[in-house]
Amino acid sequence: MNETTSTKPSSSKTSRSRAAKWTRRGFIGAGALAGGALIVGVAVRSGNPVGKLKPIVAGGDDEALINSWVKIDADNLVTAIVPHCEMGQGANSTIAQMLADEMDVNWENVRVMDAPADGNYVSQHAARLFVGPGTLPDRPNQVGFMEPTYDGLFTQLGKLAGAYITGGSSSVRSTGQNGMRIAGAAAREMLVAAAAKEWGVPASEIKTQNARLTHAGSGRSEPYSAFAEAAAQQELPRAPKIKQVSEYRLMGTPAPRKDIPSKVDGSAIFGIDGGPDSDDLRYAAVKAAPVVGAQIASMDASTAKGMGGVLQILNMGDFVAVVADSYWQAQQALGTIKTAYTETENDTVSTAKMFAGFSAALDEAGDTGGNSKAEYGDPIDALGGAAIAVEAEYKVPFLAHATMEPMNCTAWVRGGKCDIWTSTQVPLMARDGAAEGAGVNADDVTMHPVFLGGGFGRRLTPEYSNQAARLAKAAGYPIKMIWSREEDTAQDFYRPADISRFKGGLDENGKAVCWNNVHCTEDEPAEAPLIEFYDIPNVSVRNADVEMPVRLGAWRSVAHSQHGFFVESFVDELAHAAGQDPFEFRSAHLANSPRHLAVLEGAAKMAGWGDALPEGHGRGIALVRSFNSIVAEVAQVDMTGNKPRVVKMFCCVDAGFAMNPDGLAAQMESGIIYGLTAAMYDEITLKDGKVEQSNFHDYQMMRMDDAPEISVQIINGAPDNIGGAGEPGLPPAAAAVANAIFAANGTRIRELPIAKHFA
Amino acid sequence: MGSNNLKRIFLYAVIGASALGLTACGASSPDPVEQIIVSEPGQTPPPVLAAIEADPAAAGAADFAACAACHTVESGPGSGVVSGVVSGVGPNLFGVVGRKAGSVDGFAYSDAMRASGLTWDAASLDAFLADPAATVAGTTMTTGAIADADRRSAVIAYLSSLSE
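Those sequence lines, one after another, are chains C and W. Here this note's numbering is used: the first residue of the first sequence is 1, the next is one more, and so on. Here this note's numbering is used: the first residue of the second sequence is 1001, the next is one more, and so on.
FYI, nobody ran anything at the bench for these hints, they're computed from the structure. There may be inaccurate statements among the hints.
Unchecked claim - 20 Å max Cα-Cα, derived EDC-like pairs, lysine to aspartate or glutamate:
1. C:K503 <-> C:E375
2. C:K648 <-> C:E601
3. C:K305 <-> W:E1040
4. C:K690 <-> C:D363
5. C:K305 <-> W:E1034
6. C:K417 <-> W:D1031
7. C:K643 <-> C:D706
8. C:K503 <-> C:D381
9. C:K207 <-> C:D265
10. C:K353 <-> C:D363
11. C:K353 <-> C:E547
12. C:K338 <-> W:E1034
All values reported here derive from a predicted model rather than from experimental measurement.
Based on the provided sequences and hints, a complete structural model is requested.
Now the structure itself:
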């Protein structure tokens, strides 16, 4: 929920509460506010005073605030202050649920607030997850995969970065599981200690429930707010007791999200809505050079100058902008500007040439060359001895993110200060980008939290807040800059295109004996192309270095989006070559992966795998583990028309433990729709250095009439090792559909999007 | 493993003076290469439809936009009562001022509206638009009330201007 305030942070000097010793779970700090509210946090940067934060977060002006992740007000409302963005995924509400459960607060008394974009709110646990596994203190939330590095650069940058990030399906399983729960548990213990002291009774006799403290023996009962100030004086618990699954009251329940009311009644403020209350606010339309690396050579704005509402026309070097009284006027005028661009080596870039380069690189890598990602056994030898050999090549295009809310930023630069309203998944990076654009210090930039109209990894870049800040500085008044859909499509950071080649072998019993794969993309996350959960003894997975002179970015589920399709299509081809049912074939290879098997069986059962289907219909299955969650999907397609129709999708997910089952199911549905949209319809192609697609007529979205019915089943297979929700629903979707099409009529789709085969 | 979304950002952070390297060239906060100032924000009058306020029927046309979600205002081949234009969610309102309530042919009025006995004029429309359910208890017009008195009279002026 947005609790955006228009008050600027004041530089108040606050006294600091005594620092507690580092615990294995981090440094827990607490303080009280004037008026008796309690705030508790888990330090993410030890030794960093946060005097500046308290006025923003809590409004009081004395006493110490270390890092605040939860506060209790005098009216007994408990606010979770969450360092993640709300982009429709509901993580902030779920994190608040986790905090509230540990604190024994009823859901009605809980509020959610976006943490200020200040370095002190770094989600250290999220950063650790990105930096490397095995560094989380004593929590079993670890993943045993290789940390990818670019010569250790990544590790270094990860440590330095202000990692206020929302991405990687990590908010609940890192910040929630390892941060907020501890803060909640600590707050509860401190409140109990305060009440015990006041009432002169043992702490063990005090019960906490629904934000109240009760001592049955003496019949006393008080709300938390009565003890908030006293609680702050208590000794900080070294290792607060957090709940076992059997004690969960809110965790694991479909508690209604806190952002629902404002999104239903229309009061929700998204980035595109945000801005100052100023009569001087004006609107900017922009167009950057379409070819990567090109600059504006010249601009002819003679028509635009005379158009209604136009205030300024700017050539910023890398983009042209029109500032006008209304967005429509700005965009209309921008359309009349004739721009010439500088020449660059990227002027001849085309997807056709890039794919030719991929093929050449794969030819050169052959069966053993390229960068090794996994090697065990001897796949070359094993293939030589295999009873049946199978070979296949798959191809996927560049993809755009196509968030419904286009890139936008409202900036106001004056007197050495800058205010920014923008939808971003990385407020600190956006802040730094704005600071650079406005020519001010990062500390003088105020980021106003807003809801995001979709992120999907697009909003992990700061270039649009930099643009808006530069415009606002040059123009001299607040500017709301909105990219048109055409600009958004042309200036995306795309999901990489890829070609992946496979050679596999089966023995005379139809068991896979070898797997040799080479592809062209970087592997992020590293485990995306790996198949160690399948019982295949001789494996080589490699990638070849290729040229991709295109802006690349993280697209929902990142490399899992293409490798899910590649791997699960080839597994399916192996199954059919073995003459086996694809579900049976996979099951036979999951003897050492019981959680994977349970998920696969769950999906097959839901879908009625094996039951008769109408003529021309088919079922396909796919299984992918990503972001620590295992998902299997069965697609049911109808091939009787002139193009494929996905009728139903059945999804079984094991995310360790569903903190909010409604939220988890919603994210599976969301991942499926997003993944199928791309798999069925979309590709980004380049010619003469420019992206050819521009709007939803040539970059189609799945809509209600062509969306499948989706069913989701949840398995809680590992409550101590929870996985993510935002991305894992996507990777199996494309393969499930391609496999279903094969089952229906024998057509094997090896190149996406599917629609190009049915034009 | 947790996604390397972060890694991707930092990859760009490294490529030439931050991800901005792909857009900005060189020094931070460079001045525009060219800046054409046509006018300042204070100079241009704020976009108020001043001309329309002088003509209430025209203002009412703008205010009617909300009503157009359900109501058409099209003249048809017939007379005011039988307009010949198919209504939508709400009845066609062309010629409604001076018309008996509940009389447009082909529209499924509530019994309450048909039995209301009203003939629409400025006063009855004003009461109805202020609170439809109170004026005609049982009406199917459950939304569309106009709280602001000036806007109501503008809409009524607009509707009055629509007649053959």
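Structure-based check of all given hints:
no. : hint               : in the structure
1   : C:K503 <-> C:E375  : 14 Å, holds
2   : C:K648 <-> C:E601  : 17 Å, holds
3   : C:K305 <-> W:E1040 : 13 Å, holds
4   : C:K690 <-> C:D363  : 27 Å, violated
5   : C:K305 <-> W:E1034 : 13 Å, holds
6   : C:K417 <-> W:D1031 : 17 Å, holds
7   : C:K643 <-> C:D706  : 11 Å, holds
8   : C:K503 <-> C:D381  : 12 Å, holds
9   : C:K207 <-> C:D265  : 38 Å, violated
10  : C:K353 <-> C:D363  : 15 Å, holds
11  : C:K353 <-> C:E547  : 10 Å, holds
12  : C:K338 <-> W:E1034 : 14 Å, holds
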